[in-house]
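Colleague: Those sequence lines, one after another, are chains A and B.
Residue numbers for the first sequence follow my numbering, beginning at 1 and rising by one.
Residue numbers for the second sequence follow my numbering, beginning at 1001 and rising by one.
Hints in this document: simulated from the structure, not taken from any laboratory.
There may be inaccurate statements among the hints.
To be verified - These stretches of chain B come out as covered by chain A in the derived footprint (C-beta under 8 Å, 3 or more residues): (1) 1025-1036; (2) 1150-1157.
Claimed, not checked - In the EDC-like style, the derived pairs of lysine to aspartate or glutamate whose C-alpha atoms are separated by at most 16 Å in a straight line are: (3) A:Lys319 - B:Asp1023; (4) A:Lys320 - B:Asp1168; (5) A:Lys541 - B:Asp1006; (6) A:Lys221 - B:Asp1030; (7) A:Lys313 - B:Asp1045; (8) A:Lys218 - B:Asp1168; (9) A:Lys320 - B:Asp1030.
Just so it is clear, CB atoms sit at the ideal spot from N, CA and C, and this is done for glycine as well.
Next come the chains, spelled out residue by residue.
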Amino acid sequence: MALFQIAEPGESAAPHEHKLAIGIDLGTTNSLVATVRSGISICLSDEQGRPLLPSVVRYHADNSTEVGYDAQTKQAVDPKNTVVSVKRFMGRGLKDISHVESMPYDFVEAPGMVKVKTIAGIKSPVEVSAEILKSLKLRAETALGGDLVGAVITVPAYFDDAQRQATKDAARLAGLNVLRLLNEPTAAAIAYGLDNAAEGVYAVYDLGGGTFDISVLKLTKGVFEVMSTGGDSALGGDDFDHRIFCWVIEQAKLQPLSPEDGRLLMMRCREAKEFLTNNPEAPITARLSTGEVLDLKLDVATFASITQTLISKTLQPVKKALRDAGLRAEDIKGVVMVGGATRMPQVQKAVGDFFRQEPLTNLDPDKVVALGAATQANLLVGNKTGKDDWLLLDVIPLSLGLETMGGLTEKVIPRNSTIPTARAQEFTTFKDGQTAMAIHVVQGERELVSDCRSLARFELRGIPPMVAGAARIRVTFQVDADGLLSVAAREQTTGVESSVTVKPSYGLSDDEIAGMLKDSMEHAKDDAINRALKEAIVEGKRMIEATEAAMKEDPHLLNEAETAKIKATIAKLADTMTGDNRRLINIAMDDLGFETQAFAHRRMDQSIKKVLSGRNVDDIKMGEDA
Amino acid sequence: MDPRTDHFSLFGLNRAFRLVLSDLDSRYRDIQAQVHPDRFANASDAERRLSMQWATHANEAYQTLKKPLERAKYLLHLAGHDIQAENNTAMPTDFLMEQMEWREAVMEARGGGDHHELERLHNRLRGDINGRYDELGQLIDDSSDLALATDCVRRLMFLEKLLYEIDDALASLEE
Chain A
1 MALFQIAEPG ESAAPHEHKL AIGIDLGTTN SLVATVRSGI SICLSDEQGR
51 PLLPSVVRYH ADNSTEVGYD AQTKQAVDPK NTVVSVKRFM GRGLKDISHV
101 ESMPYDFVEA PGMVKVKTIA GIKSPVEVSA EILKSLKLRA ETALGGDLVG
151 AVITVPAYFD DAQRQATKDA ARLAGLNVLR LLNEPTAAAI AYGLDNAAEG
201 VYAVYDLGGG TFDISVLKLT KGVFEVMSTG GDSALGGDDF DHRIFCWVIE
251 QAKLQPLSPE DGRLLMMRCR EAKEFLTNNP EAPITARLST GEVLDLKLDV
301 ATFASITQTL ISKTLQPVKK ALRDAGLRAE DIKGVVMVGG ATRMPQVQKA
351 VGDFFRQEPL TNLDPDKVVA LGAATQANLL VGNKTGKDDW LLLDVIPLSL
401 GLETMGGLTE KVIPRNSTIP TARAQEFTTF KDGQTAMAIH VVQGERELVS
451 DCRSLARFEL RGIPPMVAGA ARIRVTFQVD ADGLLSVAAR EQTTGVESSV
501 TVKPSYGLSD DEIAGMLKDS MEHAKDDAIN RALKEAIVEG KRMIEATEAA
551 MKEDPHLLNE AETAKIKATI AKLADTMTGD NRRLINIAMD DLGFETQAFA
601 HRRMDQSIKK VLSGRNVDDI KMGEDA
Chain B
1001 MDPRTDHFSL FGLNRAFRLV LSDLDSRYRD IQAQVHPDRF ANASDAERRL
1051 SMQWATHANE AYQTLKKPLE RAKYLLHLAG HDIQAENNTA MPTDFLMEQM
1101 EWREAVMEAR GGGDHHELER LHNRLRGDIN GRYDELGQLI DDSSDLALAT
1151 DCVRRLMFLE KLLYEIDDAL ASLEE
């Protein structure tokens, strides 16, 4: 178990200043929640002392749910209403999902993302994931005894925009304030790097239940810089189970199985896989509903040979990531192993052979991601002691582009660009008098649009009629620190501005989220309006705290009149928060945002000037404050 | 601070082609340590927005200055010299002929799966390119001959693209 000493003894933040923040590893097979307590990152366990929460959700007819171990034990009894490995469906259509034939669910194809029909109605993967997150949130609130300021949620580094957006939506639906979406291998690197005071270039090989990531990071004093990342967001331990499953069916010459038997057999296969980590041979026995009794033995050599292709499939992205970083295997100082599936001896051997060194397995591969996420969450909410501080520079895993003539992709932001990043591209009209233009945003490396993931389609209207080629349409891509994209388009020649900002089509609108929140809360007999009011008050509090802290830090950046104005606006906001009108609170928050804009600019200028002070600053012209 | 401040000033560096990469690296990190969104995760909306803009700007500036070809193009742009990237027809015939020979050699080696030959081509071209960057340093920093520098940059754009193709061929042989 990894321990992170982030505060000197006796130097930790005073209890009243300590903000409650958590890190959540939302895994395919298991999920965890961790926090930093007295300067040490720890995983929070359930009442029975178990840190893992199986990522399994069972729905009942009355819309209530069971999550975790209870649901896991029912999966073979009630397979259609018990959703396992839901992470594989996040931001995915039915055609993207492999082995659909061996899954017991009634899938419902929906635009952008597949859904599952359960006894409690049709559920989207976002809703199912939100149940897992709610359960972890409750665990954390109980253990920490207070309201959470925010959470860092981890995602596979190779998750595309659709999968990231779905994860963030799930967190919002669970009522979590998402401080950051953090890439899983990066979280592991933070845990490993801080724990071992590591310096140099490291690779993180992260084989989870359903996803594979490889990240190459440069660790230098206090900076974690991701140089490249790669992976396969549909390859993980589940696939090894599936290989055993196919082997059993072939060996025992089984006829197509019922959903119950299929799930039972899949569980036995997973147990066999885990057993083989420490044993030369694993028994696979099961009594099927047909009365048939299975009794097989799987040895290590056979297991290794039937999973050989899966392991080679992980080495391709490893090579590509090294190439993208401009490095060779021998440049890597250490290979950190993450994810339960890296316990398999054949995986460790293959990775060791490739890098010609023993992989690092001294951290618990199940916990390291959650521990790193908690450490980052603690930093993000400002619970630092001043001494220990680090900077994280991460990248986007897949190129972003636009469809051009002939169904080809034009890359706008290349993969492995450090985030946040923005890029603008200009396009023109191809017909005289053309007043609208369709814009199709895609993600992926392939040349043909049809081979990439479609993220959003929108139309830019109101282009003034001109001859073909005269209009200048500027499309701007902005990727934020969560790796999420927003796109805006504008026609610029005539001064007539048409600007559209899109949220990719698969994402949920705020109204949809609100609707889902309302549904789930009606079920809980909670009062949706009170809940929303409470959330507005929490947000208002956060805003007042942030503003007051800034004023305390930099009082010299405001003149008396400005200070008075901001104080008055804070007082007004605080006043609305004692009432029960959510709309008034929101208006007061907008006012405070407006009043503090210039102050925010000045603070940022000051920070940058601080960095440059003592250097050649003659050329730097300070702009007027906005 | 004016976001239109040039990239060299942003990092407190002299406006020159020759630069110490480790200085650029450390100054980039110093700036990001101040402006990165992780520093403002729990701040007001206004500060979070500003932070994203600044961090984006710092990333772009860093990427531009880090790569010598981009850095040279940027310096020429600041000095008002247009690279005319779209207009390649003005390249001298002998240079274009040489390019065609290179390309044929690469295609042949790629077709024949000749890893060794591709490595040789890579090393030869790398040497050529490095020599031209030295020359560019003199043209921009010492003699301020920006017309010749522009010509040099345009040739380098061809050569860098060719190098990329050789590396791509090497990568596809490895798979």
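Colleague: Next, verify each hint and record whether it holds.
Modeller: So, going through the hints one by one against the coordinates:
Residues of the stretch 1025-1036 of chain B with a Cβ under 8 Å from some Cβ of chain A number 9, which satisfies the need for three, so the listed coverage holds. Here the stretch 1150-1157 of chain B counts 0 residues with a CB under 8 Å from a CB of chain A, which misses the bar of 3, and the coverage is violated. Pair hint A:Lys319 plus B:Asp1023 does not hold up; C-alpha atoms about 30 Å apart against a cutoff of 16 Å. The suggested pairing of A:Lys320 with B:Asp1168 holds, with an alpha-carbon distance near 11 Å, which does not exceed 16 Å.
As the CA atoms of A:Lys541 and B:Asp1006 are separated by approximately 39 Å, the hinted pair breaks the 16 Å bound. Proposed proximity of A:Lys221 and B:Asp1030 is supported: the alpha carbons are some 12 Å apart, at most 16 Å. Taking the CA atoms of A:Lys313 and B:Asp1045, the gap is about 43 Å. The hint is violated against a cut of 16 Å. Among the hinted pairs, A:Lys218 with B:Asp1168 is inconsistent with the structure: their alpha-carbon atoms are about 24 Å apart, more than 16 Å.
Distance hint between A:Lys320 and B:Asp1030 is unfulfilled; the C-alpha atoms sit about 30 Å from each other, more than 16 Å.
The structure fails to meet hints 2, 3, 5, 7, 8, 9 from the earlier list, while all remaining hints are met.
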